[in-house]
Amino acid sequence: MEQTKTDMDARVLDERVSAIDVRGDVTAASEGALMDAYNRASGPRTGSVILNFSGLDYMNSGGIGLLVTLLVRAKRQKQRLLASGLNDHYRQILELTRLDEAIEIFPTEDEAVAAARGR
Amino acid sequence: MKRDVENWAKPVGKLQSTDVAGAINANVQGKRVSGALQGFGRMYQKTFRVKLAGVPATPREVVRTWKDRYPEFWPKGNRFYAPTAGIAPGEVGLINASLPGTPTMATGVLVVYADDESFTFMTPEGHPFAGWITFSAYDDGGTTVAQVQEFIRASDPLWELGMATFIGRKQNRIWIDTLSNMAAHFGLHGAEVEKEIVVVDRKRQWAHAKNVWHNAGVRSGLYAMGAPLRMIRRRSR
Numbered sequence: 003m004e005q006t007k008t009d010m011d012a013r014v015l016d017e018r019v020s021a022i023d024v025r026g027d028v029t030a031a032s033e034g035a036l037m038d039a040y041n042r043a044s045g046p047r048t049g050s051v052i053l054n055f056s057g058l059d060y061m062n063s064g065g066i067g068l069l070v071t072l073l074v075r076a077k078r079q080k081q082r083l084l085a086s087g088l089n090d091h092y093r094q095i096l097e098l099t100r101l102d103e104a105i106e107i108f109p110t111e112d113e114a115v116a117a118a119r120g121r
Numbered sequence: 058m059k060r061d062v063e064n065w066a067k068p069v070g071k072l073q074s075t076d077v078a079g080a081i082n083a084n085v086q087g088k089r090v091s092g093a094l095q096g097f098g099r100m101y102q103k104t105f106r107v108k109l110a111g112v113p114a115t116p117r118e119v120v121r122t123w124k125d126r127y128p129e130f131w132p133k134g135n136r137f138y139a140p141t142a143g144i145a146p147g148e149v150g151l152i153n154a155s156l157p158g159t160p161t162m163a164t165g166v167l168v169v170y171a172d173d174e175s176f177t178f179m180t181p182e183g184h185p186f187a188g189w190i191t192f193s194a195y196d197d198g199g200t201t202v203a204q205v206q207e208f209i210r211a212s213d214p215l216w217e218l219g220m221a222t223f224i225g226r227k228q229n230r231i232w233i234d235t236l237s238n239m240a241a242h243f244g245l246h247g248a249e250v251e252k253e254i255v256v257v258d259r260k261r262q263w264a265h266a267k268n269v270w271h272n273a274g275v276r277s278g279l280y281a282m283g284a285p286l287r288m289i290r291r292r293s294r
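Chains A and B, in that order, are what the protein sequence lines are. Reading the first sequence from the start, the letters are residues 3 to 121 in this note's numbering. Reading the second sequence from the start, the letters are residues 58 to 294 in this note's numbering.
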């Protein structure tokens with residue numbers, strides 16, 4: 003079986019907005035890393051979490067399941083989930099799976115941050 | 058190019074289904090696919106797995122066999138009509154399922170993902186549940202394990218009612234029987250299938266109650282009632 007190489011970093015941009023850098027592979031095996039990053043990104047007043055996918059190398063259908071689980075968790079916390087840095091291929095996957103109806107997609111993190119801050 | 062590009066289907070607006078001899082091709086053509094986010098009922102992650110102990114087949118060999126012989130592993134009373142091009146990204150398969158006391162329910166699936174060790178189906182509007190089903194195999198300490206994992210919600214309030222009763226049990230039975238049949242194909246008879254069901258989201262999405270308009274059970278009933286009319290029309294041509 004292929005080894006999964008996942009690297010997730012959480013960055014708190016301000017008390018309302020955080021970002022998670024998603025790098026490497028996103029598969030079902032990435033659950034621990036993603037949920038750990040989400041816990042670090044999510045504070046008591048966090049209203050938006052941006053997933054920065056510019057370092058994403060590989061995603062299979064297990065990765066989609068993981069994003070759905072994250073979406074459910076964020077919804078429970080009344081948080082918005084935004085995505086940035088997706089290339090055409092991964093944007094199409096979100097469109098195919100209709101995750102783009104629940105995760106707001108922006109070309110760059112700056113634009114996602116501006117949207118999260120209501121600008 | 059990303060190494061998963063060939064594994065994913067391209068986005069589809071509306072599904073295109075092709076007639077297959079002997080199959081009722083209904084409730085697929087022109088429908089959109091629905092993920093768990095577009096469904097109505099509680100969201101479940103259901104996992105079924107069987108350890109193929111003593112079977113020398115690798116995960117890749119198991120998945121290759123599964124793709125090639127997928128319809129054969131289904132339990133009696135339910136038919137899966139595989140796409141002519143096989144289980145490959147972007148292909149559409151037809152399903153004719155039997156529900157007690159009702160006409161054959163016609164629906165289908167889109168193959169959204171396929172690689173050497175897994176493949177994933179996504180359901181069309183009207184299907185009993187909205188979501189993804191992933192079939193995979195992996196190595197667990199030298200033993201190949203075959204697994205079915207669903208990420209689903211009942212599509213509409215009628216199906217949600219059914220899911221809480223007999224349809225949910227029947228759905229689970231399909232995957233238990235499928236895995237048993239596959240294990241038997243590899244010479245492993247009476248293998249135990251493990252089942253794990255997790256409620257991911259207890260909330261029902263009432264905004265999607267209108268999905269009932271596409272309900273494949275209701276529409277299959279109407280389709281069956283229209284059979285005499287279709288026969289007369291064919292004869293008069």
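Mixed in with the good hints, there may be bad ones.
[Unchecked claim] Below 20 Å or equal to it, Euclidean Cα-Cα: the simulated SDA-like pairs (lysine to any residue) are:
#1 Lys-7(A) with Arg-60(B)
#2 Lys-7(A) with Lys-260(B)
#3 Lys-124(B) with Arg-136(B)
#4 Lys-80(A) with Leu-156(B)
#5 Lys-80(A) with Gln-95(B)
#6 Lys-260(B) with Arg-78(A)
#7 Lys-108(B) with Glu-174(B)
#8 Lys-7(A) with Val-62(B)
[Said to hold, decoys possible] DEER-style ranges, computed between Cβ atoms:
#9 Ala-221(B) with Glu-97(A): 31 to 39 Å
#10 His-91(A) with Glu-118(B): 22 to 30 Å
#11 Arg-78(A) with His-242(B): 49 to 57 Å
[To be verified] Not everything, but these chain B residues come out facing chain A in the computed CB check (under 8 Å):
#12 Glu-63
#13 Trp-65
#14 Ala-139
#15 Val-169
#16 Thr-177
#17 Val-256
Keep in mind the hints are simulated off the structure, nothing from the lab. Cβ atoms here follow ideal geometry from the backbone N, Cα and C, with glycine treated the same way.
Subject >> chain A contact restraint on Glu-63(B) - CB to CB distance below 8 Å >> reply: Interface hint status for Glu-63(B): violated (11 Å vs cutoff 8 Å).
Original post:
Any CB of chain A closer than 8 Å to the CB of Val-169(B)?
Top reply: Holds. Min distance 6 Å.
Subject >> Interface hint outcome for Val-256(B) [beta carbon to chain A under 8 Å] >> reply: violated, 10 Å
**OP:** Take a quick look at whether Lys-7(A) and Arg-60(B) sit within 20 Å of each other, Cα to Cα.
**Re:** The hint holds at about 14 Å.
Subject >> Agreement of Lys-80(A) and Gln-95(B) with the hint, judged by alpha carbon distance not exceeding 20 Å >> reply: holds, 19 Å
**OP:** Could you tell me whether the CB distance from Arg-78(A) to His-242(B) stays inside 49 to 57 Å?
**Re:** About 42 Å separates the Cβ atoms of Arg-78(A) and His-242(B), which means 49 to 57 Å is violated.
Original post:
Is 31 to 39 Å a correct range for the gap between the Cβ atoms of Ala-221(B) and Glu-97(A)?
Top reply: holds, 32 Å
Original post:
Given Thr-177(B) was flagged as interface, is its beta-carbon under 8 Å from a beta-carbon of chain A?
Top reply: Holds: closest Cβ of chain A sits about 4 Å from Thr-177(B), inside 8 Å.
Original post:
Once the shortest beta carbon distance from Ala-139(B) to chain A is found, is it less than 8 Å?
Top reply: violated, 19 Å
Original post:
Given the hint that Lys-124(B) pairs with Arg-136(B), does the C-alpha gap stay at or below 20 Å?
Top reply: holds, 15 Å
Subject >> Interface hint compliance - Trp-65(B) to chain A, C-beta minimum distance less than 8 Å >> reply: Where the cut-off is 8 Å and the nearest Cβ of chain A is about 6 Å from Trp-65(B), the hint holds.
Subject >> Proposed proximity, Glu-174(B) with Lys-108(B) (alpha carbon, max 20 Å) >> reply: Within the cut-off at roughly 15 Å; holds.
Hints 2, 4, 11, 12, 14 and 17, counting from the list given before, are not met by this structure.
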